[in-house]
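K.L.:
Between the sequences and the hints, there should be enough to build the whole structure, so can you do that?
There are 2 protein chains.
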Amino acid sequence: MTSKDKNTEEIIKEAARNVFQREGFSGARMQTIADEAGMNKMMLHYYFRSKQHLFDVIFEEDYTNLMAPLAVILRNPELHVEEQIIRFVRDYHETMIEHPRLPLFLIHEFAKNPHKILEMAQKAIPVSKKEEPAHPRLSATTFMDQIKEGKARGHYNKDVDARQLAVSMLGMCTHAFISRISVQTAYELSDEQYLKFLEERKEHVIDHTFRILMKPDYYKKWKKKYLKEKEQTST
Amino acid sequence: MTSKDKNTEEIIKEAARNVFQREGFSGARMQTIADEAGMNKMMLHYYFRSKQHLFDVIFEEDYTNLMAPLAVILRNPELHVEEQIIRFVRDYHETMIEHPRLPLFLIHEFAKNPHKILEMAQKAIPVSKKEEPAHPRLSATTFMDQIKEGKARGHYNKDVDARQLAVSMLGMCTHAFISRISVQTAYELSDEQYLKFLEERKEHVIDHTFRILMKPDYYKKWKKKYLKEKEQTST
DNA sequence: TTTTATATCAACTAATTGGTTGAACCAAGT
DNA sequence: ACTTGGTTCAACCAATTAGTTGATATAAAA
Numbered sequence: 000m001t002s003k004d005k006n007t008e009e010i011i012k013e014a015a016r017n018v019f020q021r022e023g024f025s026g027a028r029m030q031t032i033a034d035e036a037g038m039n040k041m042m043l044h045y046y047f048r049s050k051q052h053l054f055d056v057i058f059e060e061d062y063t064n065l066m067a068p069l070a071v072i073l074r075n076p077e078l079h080v081e082e083q084i085i086r087f088v089r090d091y092h093e094t095m096i097e098h099p100r101l102p103l104f105l106i107h108e109f110a111k112n113p114h115k116i117l118e119m120a121q122k123a124i125p126v127s128k129k130e131e132p133a134h135p136r137l138s139a140t141t142f143m144d145q146i147k148e149g150k151a152r153g154h155y156n157k158d159v160d161a162r163q164l165a166v167s168m169l170g171m172c173t174h175a176f177i178s179r180i181s182v183q184t185a186y187e188l189s190d191e192q193y194l195k196f197l198e199e200r201k202e203h204v205i206d207h208t209f210r211i212l213m214k215p216d217y218y219k220k221w222k223k224k225y226l227k228e229k230e231q232t233s234t
Numbered sequence: 000m001t002s003k004d005k006n007t008e009e010i011i012k013e014a015a016r017n018v019f020q021r022e023g024f025s026g027a028r029m030q031t032i033a034d035e036a037g038m039n040k041m042m043l044h045y046y047f048r049s050k051q052h053l054f055d056v057i058f059e060e061d062y063t064n065l066m067a068p069l070a071v072i073l074r075n076p077e078l079h080v081e082e083q084i085i086r087f088v089r090d091y092h093e094t095m096i097e098h099p100r101l102p103l104f105l106i107h108e109f110a111k112n113p114h115k116i117l118e119m120a121q122k123a124i125p126v127s128k129k130e131e132p133a134h135p136r137l138s139a140t141t142f143m144d145q146i147k148e149g150k151a152r153g154h155y156n157k158d159v160d161a162r163q164l165a166v167s168m169l170g171m172c173t174h175a176f177i178s179r180i181s182v183q184t185a186y187e188l189s190d191e192q193y194l195k196f197l198e199e200r201k202e203h204v205i206d207h208t209f210r211i212l213m214k215p216d217y218y219k220k221w222k223k224k225y226l227k228e229k230e231q232t233s234t
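Listed in order, the protein sequences are those of chains D and U. When we follow numbering that gives the first Met the number 0, the leftmost residue of the first sequence carries the number 0, and every step to the right adds one. When we follow numbering that gives the first Met the number 0, the leftmost residue of the second sequence carries the number 0, and every step to the right adds one.
Incorrect hints may have been included.
A short, non-exhaustive set of chain U residues, derived as facing chain D with CB atoms under 10 Å [to be verified]: (1) Pro68; (2) Glu93; (3) Ile96; (4) Glu97; (5) His98; (6) Arg100; (7) Ala151; (8) Gly153; (9) Leu164; (10) Met171; (11) Ser178; (12) Ala185; (13) Asp206; (14) Leu212.
Stretch-level coverage of chain D by chain U, calculated; a stretch enters the list once three of its residues show a Cβ under 8 Å from a Cβ in chain U [what the hints assert, rightly or not]: (15) 108-119; (16) 162-168.
Source of the hints: derived by calculation from the structure; they are not laboratory data. Glycine included, every Cβ here is placed at the ideal spot set by N, Cα and C.
P.N.:
Set out below in structure tokens:
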């Protein structure tokens, strides 16, 4: 039955996702996945042939569904940098609150197998025609250029480095998820409190990023406008 | 011979360190370690009994020698927060430029085995007497209190959250190391260029952190003082 | 020189773990 | 009823890998 097929396939993927994200590729055991899926080990091979293949399917799915859309925001030439940042940070947090182990999982496997995964990234994020196809890019010229422009207009700090800023922003996003246990232990937070911390963090990271990027006057103006907008959307 | 003993022991540890940091515990193979140490696999067991024990020795060594001293900076009641931040960020970068795989390695193993590693952390960083011994802490009350005081004096932004700031600072520190390949690929940097990027980053992260923390006027004053001091020390 | 303790290795064992087999099951289609 | 197709499983196999053995070298101690 194809309907039941699809179902068990999904069950397996869900279990595999959990185990892989928890243990990494080499730490994961097919038996563990089978157990958590509540079925025989054979099923995994029946539907996905090998551990490697099962992993690839899941990794690619996670990457394309969850990470790639985020990367795309920062390459969207239709959006102003400030809007790019706001959307990226928000979407990032909303996605990762649903998949808290994803950041560390992706980064770890990425580090262990850069070549293979860069290829996948290239497929998942189609490079726009104008750009050099030689090297895959993860963040964007657009982003950089717009910051240059903001400096010229006197809105942004002249001594801020766009590349350094981007790394800082990403770091601020990832760290709360990647180092969850340290943070939770250090601040003695329950799971619910930690969730609240993450929800709040979203707006803090936006704020932090803009404090780095913008000149004080422009920041104040932006903040006022931003708070007003937020109040309108929340009512 | 005890002198030769010490030597081979060090050789093994060095090889193991590399392999473990590269592959993680479950990805590492005893044979690989033996190969990279240029000796028989038996030697590893002769000197360190088991894979787990070898791993523990190295992990604890790395943690106590490299991470613990950094954590201690943020709990030092003798130092002003601003000085704490400057020293932490600098030391962090200097340490990790020497051991670029360490951050991801520690975080990954930490996430896989929080309980065991929290115990180790507790041993490595003796908790000062006044504090509640129940839960191990990674960052500090001192840090928090001083920021409160800075706000009261009107130096720091009232709406900055000390905990959020700490996570942001740590994230800004770690991310350049943890996501090296992404960053290097995105910006198309050679290894030397990446090293330069990291060297520069040190000062950027300090700057970013203070831009988040301080009110514009106070930041300007600090910056002026800071640049003057830097020029003096570099001559 | 002989003894003794440590260090080293090639070859082996034991345990783990990814992957396979062949039989049973089950739900259409005839 | 019975054939056919995909689905499921317990038991098995093969490969990998942590850990051991027993023999040999070496060099200090007697």
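K.L.:
Hints broken by the structure, by number, lowest first?
P.N.:
1, 2, 3, 4, 5, 7 and 8
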